[in-house]
Structures are given as structure tokens and as C-alpha cells.
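Protein chains: 2
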Amino acid sequence: MKSALRQAIQDLPVSSIREIANAGMGQPGVLAFWFGESDQTTPEVVVEAARKSLADGETFYAHNLGLPALREAIATYTSERHRPVGMDRIAVTSAGVNALMLAVQAVVSPGDEVVVVVPVWPNLVAQPRIMGAQVRTVSLRPDAAGAWRLDLNELLSAVSARTRLLVVNSPNNPTGWTLTRDEQAAILAHCRQTGTVILADEVYERLYYRGATPDEAAPSFLDIAEPDDALMVAHSFSKSFLMTGWRLGWLVLPRGWVDVVGKLIEFNTSCASVFVQRGALAALAHRNELVPPIVAHLRHCRATLHDALQGIEGLRTTAADGGMYAWLQLPAAAGRPADGRAQALRLVAEARLGLAPGGAFADESAQWLRWCFASRDPARLVDGVARLKNWLALH
Amino acid sequence: MKSALRQAIQDLPVSSIREIANAGMGQPGVLAFWFGESDQTTPEVVVEAARKSLADGETFYAHNLGLPALREAIATYTSERHRPVGMDRIAVTSAGVNALMLAVQAVVSPGDEVVVVVPVWPNLVAQPRIMGAQVRTVSLRPDAAGAWRLDLNELLSAVSARTRLLVVNSPNNPTGWTLTRDEQAAILAHCRQTGTVILADEVYERLYYRGATPDEAAPSFLDIAEPDDALMVAHSFSKSFLMTGWRLGWLVLPRGWVDVVGKLIEFNTSCASVFVQRGALAALAHRNELVPPIVAHLRHCRATLHDALQGIEGLRTTAADGGMYAWLQLPAAAGRPADGRAQALRLVAEARLGLAPGGAFADESAQWLRWCFASRDPARLVDGVARLKNWLALH
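Top to bottom, those sequences are chains A and B.
The first sequence runs 1 to 395 under this note's numbering.
The second sequence runs 1001 to 1395 under this note's numbering.
Hints are computed from structural coordinates only; laboratory data are not their basis.
Among the hints, erroneous ones may be present.
To be verified - The calculated EDC-like cross-link candidates involving lysine to aspartate or glutamate, where the alpha carbons are at most 20 angstroms apart (straight line), are:
hint : chain 1 : residue 1 : chain 2 : residue 2
1    : B       : 1052      : A       : 58
2    : B       : 1052      : A       : 350
3    : B       : 1052      : A       : 56
4    : B       : 1389      : A       : 350
5    : A       : 52        : B       : 1307
6    : A       : 389       : A       : 350
7    : A       : 52        : B       : 1048
Given the structure is predicted, the values throughout are model-derived calculations rather than measurements.
Please model the complete structure; the sequences and the hints are all you need to start from.
Printed below as a string of C-alpha cells:
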């Protein structure tokens, strides 16, 4: 009976992150760092705006593209740190992942070639496959210290006139790698030549740690692209505003695309809930109070975890340029598996430490582990490193 | 630049319902019956459950398939009026339309043949097109009185071993036509032979007016199918619980499919918000207080509108078997357009009456109009008919 399901869908890998989480969730006392989510609840001002909207009876259908006031607020927010963008280029979506899926539906026809830079959140590879695309991956490679870097020439050689779409996530989940301005400029110039659409997943742009100021965002394609460039940028309220469970994101689109994407929204989810959008409006209205402390806290978490990991001899890691993950390779030893999935399963069972296996993000990173450092209490991170250290000493 | 967008997506029709609504929304005093939505807000007990969840800090990611408690409650609700279904066959989705889109993604590969019974909500035709399918439509046909009926043999001839998926919406939006048990049995038997998956959009099942009891649901494929039949049934909280703006639905799936659909949920929206699911749990917990009065009120609205329409000489309509729409053809006259879209545009401008054009649902129904009778105050329906009558007298 399963044969009635598409083979391409059956073949999509089940998340091995979920596998580890499922193995650990039943166990008491596991320190979980497997998901890309803070353990902090959404700020009160956001929650209250949604609660008020519900009490006010805002329980009806909304515009496919989102509340005009929210699209305007997103345009303002975007324009504050990038080239000016009008609300006519903004579409509100039912989650960041939904923004990415809509973008893929808009440009990828069956059989099209799609290039994806990996390691990456597995959804970015799965979405074009669902649409019947031929997916090619270009992998970052680790340097001696453990920082994963792009070979720009390799990427540019992979993107040809046959390439319909290039998908790149920077700051990158899981590696923390972040595109430089020069790399973005070279990619944009190349894709203009080949006629390739760029889908940039920039949901971690505010979680950037290499800027000249603590509040500086990561380099964005929106800093250099023209309104008519074939560039779609996907965003989410999840990370910068602690709103993972709200399922709200947006797309910044080329001039003239928004109505076509609006049709796709109608056919996928029709619209986002008004009360959820009211929460997002409050988040943006209070952005200057809300985001800087969240980023400052994550910066502290990142340093705390990175410093603690330095105490483990032979462990390979560098501090992430952006995002909210440490990315690491355990020291090799005769008695331990080299495979990240096997390591993660044993760490949950034997050390009550929940990490995500690197193989979830690319075959090339099967021996690596991802550690989400978004933790309300940074002491949890230090505890986790102690557990890892003890486990390594014993095994 | 638009050329970078897929031609198949650009070619998807913009909703002509939206066109009429946009034309009317700027005008004061328009009586709007264009959308498929009641003007009643969501019941308080549902709203309060979501508000409490938000206050309790339930703002994190949830399971792809939905809260186990909600899946269990949906299984119980389904089993109350159909063959028993376990929660292992239930997937919670981000809207009813999202349930339909996920179902199509699960089985339709590029180039597959999909048969859709029309007239129908345009999303059901658009979704397989987005996935690169070849869509064939089989149209209901009006009898002399104006009731649209299925030619079962025509449908069965259209569904062959080449047909991957049959999409049928019953009770039907817009015509009110509802499949009989015998027709369902014949379709199921035929699709077993041809190996065709059935996607049944049964979101209006509670809004059924031909039952032996006022609370009887419409005939459902779930009454006759085996757990291993290739049948997916899409549902929504929107209609029976007045929760349109909540964007929550579900799929009842064949045995063994739920994990594969869970993967697709991960890649489309990841999950529904927990606080939205808490609202749905409250809705189901109070189903026996909430749904019967909603259905009784719609039954009254249906009769009110139908009776009023009888006062218009030459107007072609029959009382809907199910759903929440009157479906009608205006009497022909020399001075009036025969086209529903032209009629609807003029009705908004000249009579301040907002109806949906039949051409939105099928080419075959281009001369028809849809009138949503879900109205808090049934007197609005009578007012609307008076406006229509006056307009017909003048034009």
C-alpha cells in the first residue's frame, strides 16, 4: 500500500536529529541541545498582543500576503539594515520553512537543476526534491582548526546556465559559516550571467558575531542586489524574537513577484492567522528593546560553550561566525565510533547529553556534531561539556 | 524578470472571487457574501484555551504530526460518526488547504494524471498543477431546476489506470452537491481496480441538510473504506467550529502513511502552533455544545436565503444538500450580461451586493453565482435578495 506514495517522498531521509531527540526524550535528566531553538519563552509584549487580538475576535481569514501593517513594518525593518525595500516586495508566510517552500514552488519546475550549499538544514535539500528537481550539492570543507569554508570557485563552477536555483543559507545552520560581502558579490554577478535564481536563507542574520558593532547583522544579499535581481530572501520571526512556535516568516521578493507568490500562499496555507501577525507586529514595534538583549545573550552563550569546549583535548571546533550552533568533531579514539550518529545515540544513552548528528546536514559532515547554544541558563552548557568530557575519558 | 518564475505558476488563475471582493471592499454598505466564511467569531471557550496556552508560555516547536492529545481527540471525533480510526492515521495540518496540498505532494509526481470533479474551490485544481501534474476535470451538470449532479459513468470512464489521483469535494463548494453512499461505493470500488488514490475534501461534512436527523453528517468515504485503501480525507476546523482564521486542519490517512506525511509537514510548515492546537482541543472537547447550534443556524440561513430567492421569477437554484452556499443562475434578459463575472462586478457596483462568480470554480459554471449564506444575522440575506430583485427589475 505504501507503493501509492511517491518514491521520491518515501526516499526523503527521516531527520536523524529527531531520531536522537526521540531516543532522549523518554529519559530523565538529559540535557537537550539537539533542536535549533532557545528554551526561552516568547517575550511578554508579543504574547500579550496575540492574546488581545484573540480577545478582540480577530479570528477570520486574512489577506494572502499578510496584514498590510505587518508587511509595511517588515519593509521598514528590512530597510533599516539593507537597501530600501517597499512592502510591495514583502510576503508574510506561515513559518520561515514555509517561505522557503513557497520560493522553491515559484521557480523550480520538475527536472530543473538546483544547487544547494551544504552542510545545511536538511529541509533546504528536501524541498526541491519534493518539487521534482535534480539537486546537486556543493560542500563547504573544514580547515585544520575545524572552521568550514566555501571554495568559491567550486561553487561558481557548479552553477551554470542549466542551474535554475541556487540555495544558500548564511549564517549557516549547522556550521556557523557566514558568507562575506565579496563572496556574495561574486555569487550575485555569476548568477546574473547564468540566469540562476538565488534563494538566500538569512534567518540567522541578526545572530552574527563578527561585526564591527555588537548589533551588526551578517552580510546580506539585500545589501547589494537590485530590486530586479532574481533573488528571494527567506526570513523568520523564530530566532531573533524567540517565536519558534508561532510559525511566522516572510519572503523579500524581486520587484513584481509578490502577486504570483500570493497565489501560491493561497494554495498552500491561504494566510497566516491575524492574531499571530499581531504578535509579530508587536515584536517589530519593540525590536530595539527585544533583539539586542537576545543577541547579547546568545553571544554570551556562544563564548561560554566555546571556552568550555577548549578544555577537551583534541576536539575540533571554532567559534561560529553566526547562527546559534557550535559545530564540532570529537577526538578520535579506538573505543569510540567515528560516526556522529552513533556518537549522538551513545551520548544520549550514556552521558545524558543530547546533540544533533552532523550527517543530518550533509554526507560530508557525518563525523561531526551540532550543539545548539541557545540556552536560557548558560550553566547548562558548561554542565553539558562536563558530561562530554567525562564520557570521552571513559570511552 | 518575471520570466524566472515558472510559467505554470504564472498561468494559475488569480481568484476572481478576490477580484469581486477587492472591487467591493472599498465601497460603503456592500453586503458581502463572496467568501466561504461566517461572520461569527470563534466560540469563547476556544479563544480562551488559546489565550491560556499563550499565557502559559507554550511558544515552542511542536511535533510535526500535532499534539498527541489532539490527534487522539480527532481520532475519537472521526470514529464517532465513521468507521473507527486510530490516532496513528491522523496528521494535524496548518489549515485544511494545507492538508490538501500535503496530500497532493505525497502522491503526485510530475506528469501524473489527476482527475478533479468540478465545479470546485479552485485550490483543488491548482495544487496538482503546482506539482507538475496533468489535470483533467469532470464536470457536474445542472438539471432543469438548477441542481448540479454527477454523471457517475462519465467520472468512472475518466478515471483509468493512468489516473494517479482523484480529487473530489463533497459536500461541494460551490454547488452544494453531495455524493450519495452508493456513488461513493462505486467510486471506491473503481479506484481499487485502477490503483487510483482518492483525495476526499470533506470539510463540509457536518453542514449537511438531507440527513435523517438534524445532526447527521454527509456520507463519507470513511464510512466504507478499509484502513488500507488508498484514501486521504482532508478536514478543517474552519467551518464546523467557526475557526477560519486559525489555519488548522487534519488528514485521515491510510494505515502506515502518517510518518511519510510527517516528513512533508516538516518540509512545508514543520508544525502547527501549540496555542492554536489548544484551541482545537477545546473545540473538540465542547463539540456537542458547539457544533449542533452552528449547524442549526446554518440550516436556518440556508432556508431563509432559499425561500427569499423563490421570490425572483426565473432565477434557477435549488436548496443545497450540504455546505454553506446557494448556487444560482440569474434569469436571462437582453440588457444584462450572461457572464457571472460581469454580473458580479455590476452587482457590487450597482446593487452593493457581493457574490462570487461561478467561473472561479469551473468554466462550465461561468454563468452561475455563489452566495455564502453563513451569516450571523439572517436578515442580511433577505436584504441581499431585495437588492438583487431591485437590480434585476432595473437592468
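Name the hints, by number, that the structure is in violation of.
2, 4 and 5
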